[in-house]
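J.: What follows is the residue order along each chain.
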Amino acid sequence: MNFNLNDLFIVFWPVVPFIGVAALLVFVVIFLVLMERKVLAWLTIRKGPNRVGPGGWLQTFADAIKLLFKEDIMSCQANKLLFTLAPIIVFAPVMVIYGLIPFTEHFIAINLAVGLFLVFALSSVTTVGIVLAGWSSNNKYSLLGGMRSAAQAISYEIPLVISVLGIAVLAGSLNMLDIVKAQAGGLFNWNIWPAFIGFVVLFICSIAEVNRIPFDLPEAESELVSGYNTEYSGMKFALFFLAEYSALFIISVLIVTLFLGGYTSPLGFYLTQIPVLIHIEQAFWLVMKTYAIIFTIMWIRATLPRLRADQLMAFSWKFLLPLALVNLVIVAVWKVVV
Amino acid sequence: MYIQGYGILAAFIGFSLFFACAALVMSWIVQPKAPGFLKEKPYECGMNPFGDSRIQFDVKYYLYALLFLIFDIEAVFLFPWAVAYDELGLFALAEALIFIGILVIGLVYAWKKDALRWDGNA
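Those sequence lines, one after another, are chains B and A.
Take 0 as the starting number for the first sequence in numbering that gives the first Met the number 0 and just add one per residue.
Take 0 as the starting number for the second sequence in numbering that gives the first Met the number 0 and just add one per residue.
The shape of chain A in the complex, shown without the other chains (with noise of 0.2 Å):
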């Protein structure tokens, strides 16, 4: 506990970005290097590598992230609650499960529409 506050926080981000890049600088300076054409090629198990890569994604991961984001900031906004639940009471607990409530409905909604089906045709 000898060291406090969000200053050491910053000071260790910015310790571990320098311990990663020190890391690529050490391994650049001795390691070997002799490009070659053949080399530089993205690897597909041998075959001569065809197309882009950067194609376009199935709509399901959308569909993922959107309901993702709506379970995260569910859970920031219960953590409040969570910490305070000593001091809130009974109150407090009806209402967050009133709260989680609406969002089991949200999570049965999307449920029944498949939308949580990852082989499905969405």
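Isolated chain B, as found in the complex (with noise of 0.2 Å):
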């Protein structure tokens, strides 16, 4: 049997999107949590970490080494086969929305008609496996925080749907491809104008949603030790880790794709012309904005102190969700007008 290279390519080919996206998830997350310790030692005067390689560069491998050969301690009363379900079903929906996004103009794994409408029945999903981890740790502290987890993501997830229905009106698709086409052109065409309510309301709800400063009560430190996740160790821990980072990540890609144009050039002129080089000029842009949206939510992060229980569902329910709502108008008079 003759087989060549070409054979070989044919084989592996849809295996590439599979490989492509766990690669991009571990390495996006190995590098968010040193740029995270990093630019928060910079934001206090601290140095953060620099002792394991030059400049702590591999502080993070050592850190995802040492946690892979913990002991992995299961409390014994704990509802054995929900606490071990618990991680996977937080992992696996962040990892499906990584091969909804799209990257680069066919950098996008699942190119479905439904795609933005898919990203959000999965992120909610996570929040199902939160609330098993907490319930099923049998510890207070992980309860509390799995219900308040709950509770904040409900809230939060409704001004967040009704702020991206102005997308939908805007690029009359659910299609992320279209959704970033439809922006193409320039700065000005960026959906951020017409529906800057929404962007505003979209921001604030993705802090919320993965948890973080100021609203990150689930895991709140000095009241729930960890919260949901008090009861875990090991590998399983670094699944919730590993989760809460990509789900930053691919909230803030979510946000530029949304709102700031996508993959697409901000001058409204690609700089490259050669077909290749456009890709990686596409990829490098979406990478800049995104960067800027991450650096952001971490400056927010070293800025404000942490949200009262009753403040933050209040400031959903009787701010947020109205401002989405007249968002909402706003966009769809918006679009008959011009």
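Heads up, a few of these hints could be off.
What the hints assert, rightly or not - Derived lysine-lysine pairs resembling PhoX-like cross-links, with alpha carbons at most 25 Å apart:
(1) K38/A to K79/B
(2) K32/A to K65/B
(3) K111/A to K65/B
(4) K65/B to K46/B
Claimed, not checked - What the simulated footprint calls covered on chain A by chain B, stretch by stretch (three residues with Cβ under 8 Å from a Cβ of chain B suffice, anywhere in the stretch; the number is not a length):
(5) 7-15
(6) 19-27
(7) 55-63
(8) 75-82
(9) 87-101
(10) 107-116
It is worth saying that the hints were derived from the structure and are not from the lab.
Glycine included, each C-beta is placed from N, C-alpha and C at the ideal position.
Make the complex out of the two chains shown on their own, each in a separate frame, by following the hints.
T.: And the structure:
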């Protein structure tokens, strides 16, 4: 049988998106953890990790290896099956969302007509895992953390989804590529201008959805030890950790894709004209915009204190929800007028 | 855009479940196993844990869940309208505004009934 490189390529081609997404996810998280520690250190005038490798570069690798070799302690009162299932349910949907996001014009693993809808459907599944983790641990801190997380997630989901409705009106589609293509042609075609209120609402809700300061009540260290993952150790904890940082990255990419033109160039034209280089340039613009958003979220973490539980709920229902509805009406009317 | 359709979505869900399970199995193989009685107690900052953790919840969680259900279904109903907005025209806009208006009345009612108060006596 004649076997050449081309056959090999065809056999392995369908595997590429899977390996690509898995590698991207792990790489992004390893970089993001280091970045967060360095940025927080810089903002609070500390040094941050600086022992492992040059300038602390290898710190996250060391942490990852340590977590892999850690003993997995399971509480004797825990529900063993659900306790093991919870980190998987939290992690898996986040990974599927990576496949639904267009990183460049062609680097999108799952291109569906209902892509945007599916992203939010999957991100809600994570909440189920967190409640499961809290309940199955049979620990008071975990249970409180899990319940708070559920209450917070469902409260912030509503303004989030309604502000995204404005994007569906503007683009006339739920396909992620269509949404990005509708914003092509430079800075002034971005969705952020007609849907500015929606952008603000989505940005605040995103921080709440990934449970970060000032909305990190589910994990409030000073009251709940570590919230829903108090009882977790070893690789199960690592999966929660991985899911949390992946979610931070993916929600930032989502903000960029929906409001800031996604992978398109803010100049309105591409600096490079060769097809291969255009891909790299698109990825470059996406990464630049995404890390600007991530940096802002980290900056907020270093600046603001934590909210109180009642303030947190009131803020979503009494402020963000009316604002999101106003945004939807403004966008709908704007679309008719322009 | 090289692969389309829902088959790849199912494959992706399977792959991510496999990825998570593989990480757990890999760690289970290499980790040391040294169980101990005190180690396996629920963590309560060093105190002896007392009572069952699975207590009754405050009813306010339930109220928020109900409100969530209503507004989530509203959003689901509005998605088809939003996607087909260009073809539907002004009549659909007016209808959607009436629909949103009815739900805003519901929100105001819940607000006035203090259902949105976390620290209330609900």
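J.: If a hint holds in the structure, say so; if it does not, say that too.
T.: Consistency of the hints with the structure:
| no. | hint | result |
| --- | --- | --- |
| 1 | K38/A to K79/B | 16 Å, holds |
| 2 | K32/A to K65/B | 15 Å, holds |
| 3 | K111/A to K65/B | 53 Å, violated |
| 4 | K65/B to K46/B | 22 Å, holds |
| 5 | 7-15 | holds (count 7) |
| 6 | 19-27 | holds (count 7) |
| 7 | 55-63 | holds (count 3) |
| 8 | 75-82 | holds (count 4) |
| 9 | 87-101 | holds (count 5) |
| 10 | 107-116 | holds (count 3) |
Of the hints listed earlier, the one the structure fails to meet is number 3.
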